[in-house]
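Going line by line, the protein sequences match chains U and Y. Quick note: our numbering has the first sequence finishing at residue 328, numbered continuously throughout. Quick note: our numbering has the second sequence finishing at residue 1557, numbered continuously throughout.
Worth double-checking, as some hints may not be accurate.
What the hints assert, rightly or not - SDA-like mimics (lysine to any residue), calculated; alpha carbons at most 20 Å apart, straight line:
1. K109/U to V1191/Y
2. K1186/Y to D249/U
3. K1299/Y to I77/U
4. K111/U to Q1189/Y
5. K1091/Y to E121/U
6. K156/U to F135/U
7. K112/U to K1170/Y
8. K1192/Y to M107/U
9. K1192/Y to K182/U
10. K1186/Y to N19/U
11. K109/U to K1299/Y
12. K1170/Y to K182/U
13. K1299/Y to K182/U
14. K109/U to Q1189/Y
15. K182/U to E121/U
16. K1299/Y to V1089/Y
17. K1192/Y to I77/U
18. K1192/Y to E99/U
19. K1091/Y to N1171/Y
As the list claims (entries may be wrong) - From the derived model, a few chain Y residues whose C-beta atoms are all more than 10 Å from chain U:
20. I1052
21. Y1413
22. T1478
Simulated from the structure, these hints should not be mistaken for lab results. Virtual Cβ for every residue (Gly too), placed ideally from N, Cα, C.
What follows is the residue order along each chain.
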Amino acid sequence: MTQTFKNTLTIKNLEKSFNDVMALNDISLEVQEGEFCSLLGASGSGKTTLLRVIAGFESPDKGSLEINGRNLNSLPIANRNIGMVFQNYALFPHMSVRENVAFGLEMQKLKKIDINTRVNEALKLVDLRNEATRFPNQLSGGQQQRVALARAIVIKPSLLLMDEPLGALDKNLRKEMQAQIKELHKNINATIIYVTHDQEEAMYLSDRIVLLDQGKIIQSGTCKELYSSPKNRMVANFLGECNFIKLEDGRNITIRPESFAVLDRKTSENGIEVTIKDLVFLGSYTKLIGSYNQQEITATFRSSDLNPNIRKLDKVHLIFNKECLINL
Amino acid sequence: MYIKTSKWSWLAVTPMMIFLLGIFVWPVFSFLMLSFGDSLSAPSFVHYQKIITTPIYRQIIFNTFNIALLVTIFSVIFSYPIVYLLANVSKRMRKFLFILVLLPFWTSALVRTTAWIVILQRKGILNEMLLFTGIFNEPISFIYNFSGVLIGMTHVLMPFVIFPLYAAYKNIDYSLIEAAESLGSKSYQTVKRLIIPLTMPGVIAGSIIVFMSAIGYYITPALMGGPKQTMIAMLIENNINRTLNWELAAALSSVLLFSTLILFIIFQKYFGFDNLLSSNSQKGSSQFYKRKEKFSPSKITMYFLGGLVCVFLIAPIVIVFPMSLSASPFLEFPPQEYSLRWYESFFSDNRWLRGLWNSLIAAAVTIAISLPIGTLAAVGVNEMKRKTRLWLETLFILPMVIPVIIFAISLFYFIAPLRLNNSVVTLGIAHSVLAMPFVFLTVSASLKNFNKNLELAAYSLGASWKTMFWRIMLPSITPGIIAGAIFAFIQSFDDVILALFLTNIKSRTLPRIMFEGVAHEIDPTIVAISGLLITLTVLLFAINALFASERENDPNI
């Protein structure tokens, strides 16, 4: 099962507009075989459009799409062999779990016995063997999600596309499903393109994140690259929190909340004196919200590291390491 | 508050209950009892035995079901292309097409039949066109035979399939189709594996209604069929008017009624009648992703077929106008010379004018009775518990379901001894039975859209139920009441069957005079009247749309 998944997707200078609005603007991207690539962005950023163009639901105005060097542009959807997991799962309501999963194989006109074997294999992979005869409306959200996954991977697609597949689940179930998807990716070693607006989810799952805004790729790289060296303020804000501070000497610095250390007196050049406006206890860490020269500063600390005696309206020094500053 | 209103709600439904029980249920029941002979203590089944043992009766019953089945099948087949068209065109175009679909349904049966005869007869438009092209050397008999009945009945009953089918089709989540495509499904496979199974509930719902209505049809088979297409309703009429065998007519009516009721119960159980008329009550509006599809051969074919069905639906209605303006004393198309002489002939002939006057009085009586009683019942039923509501709704809808011929004969049987027949007012009262369900349904539909919180808000601001009703509820259900009035008017104004039994030469209505004319030879005046009646229907439609648009709802009814 593993071999067929290993494919490279190459996208060159893709453009697509709807009624004069540029939904995709000069998108070029290469996704390596076996890579888990997330398209991250706010709604309207073009991430879903990009996915739909790759799937073939929309045709691009310009540019090319290739899988392993084979051009997809003029290939009908039915012949693309791309697996897709829809946001609302799009399970066929009049078919059982088994029939849903078998559908794609029936379209390939495989023998009944082969279909059965592969459906069983796929159901086993998503742990749904006992639910095979049920209908979608008899399943929980998480189970429906797994049927959608099984249905997409059973056809051994050259590429697996997922459009906010966890969007409809509650928070705990999301966490669980994220782990399962990560596990699945490892097991079948698929090339996956995953659309999400949840930066935490993207960071947890992806080898690489492609950040989109207004139809353009803003930055693409590993989670670490995007987090530690964001290209601009937007990227810095989208992944994690960030402070943009104008210092007294006129310098501008960009710093993550966790890069501060707190002291009650000034020990180094690299520190600012803030008045504590609020201390928010969040379990393992505590959030300090302070003001510095009428600017709001956010800093987070391990709760156990924090001096228990500091109070609201205290003045403290937030010290930072020069190496921790983000260069924009 | 609720305890109080529940008492009032029973009071509100009482008039309609009494009216229907007294003028509809009881007469029908007593007429049907005739089939068991004179004494109720020793019921006889000879008439039922006679139906079973006489080959000609068996044949007619078989015919009836056969015709109904074929009409149902054709309605379903023709509905798919037009539903595809409806779902894919722009919003404005869709509204226009909906009107095309509904117009034949709301056009008087006589007008439709007249138009079809004009188009299909041996010297009709279609035959002239076919002869002109040279494909055929001899005219084809389209009417006074099996095809005539099928064309006429499919034409009028198709909307019953189109609406539920459209609702089912529109409710298909477009991502399902995309999912199928991404799994390698070709378009014909998508149709076979997804579209048809997912629209099946809508098709079945519509089919039951079509079949149920078709088995009770009288006018269309009588005017467009031949002797071999005799249907049960015609046989019943024949037994009353010619052979004067009331008991046998009652037995035949029981058979017809029983079949109708079984279908109605199945339908009520699985679908619910009130959903059919207000198809916009379907939740989850279209999930259609606006994707511009390229013109594929299959799409072009479907558009073409959809267009043909539209022509089929609208042709008889459109054709009436040029025909009515002809100067010739014979029906011809296209007319050699235009004139208004047939309209003049209508307005200068006392016979026609008296008929028009009688029709207007009957319609006025119908509205005056059915509008307040139906509205009141809708308001009352709306307050009731689900279970009671279902029972009452079923009773209130019953007059729409039971073949009019049975009701007409029953009422005649019931009031003739009292010498109450032959009066236009009686006719209006009888029409009220047919019209009341429409008022009830349209008002109920607007009550469903009425936000219950508005009512509670009014109470919280200190309003009594009475104040709330007049100042809050009534204004917001006015469009429904107006629609109900329009439907009541049309029900009364278009009726032939009740008029055939309940009026005489003095009190006969416009449709009855037309019926007598069409049954013999079509006088061009009838075509002119048809033109006038279609114009009236379109006008009423426009009025309804005007009021309906105020609530920003699809005028789907």
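These are the hints, each one checked on the structure:
no.	hint	result
1	K109/U to V1191/Y	holds, 17 Å
2	K1186/Y to D249/U	violated, 68 Å
3	K1299/Y to I77/U	holds, 17 Å
4	K111/U to Q1189/Y	holds, 17 Å
5	K1091/Y to E121/U	violated, 46 Å
6	K156/U to F135/U	violated, 23 Å
7	K112/U to K1170/Y	violated, 33 Å
8	K1192/Y to M107/U	holds, 12 Å
9	K1192/Y to K182/U	violated, 36 Å
10	K1186/Y to N19/U	violated, 29 Å
11	K109/U to K1299/Y	violated, 25 Å
12	K1170/Y to K182/U	violated, 37 Å
13	K1299/Y to K182/U	violated, 42 Å
14	K109/U to Q1189/Y	holds, 12 Å
15	K182/U to E121/U	holds, 18 Å
16	K1299/Y to V1089/Y	holds, 12 Å
17	K1192/Y to I77/U	holds, 18 Å
18	K1192/Y to E99/U	holds, 15 Å
19	K1091/Y to N1171/Y	holds, 16 Å
20	I1052	holds, 41 Å
21	Y1413	holds, 49 Å
22	T1478	holds, 38 Å
The structure is inconsistent with the numbered hints 2, 5, 6, 7, 9, 10, 11, 12 and 13, although it conforms to all the rest.
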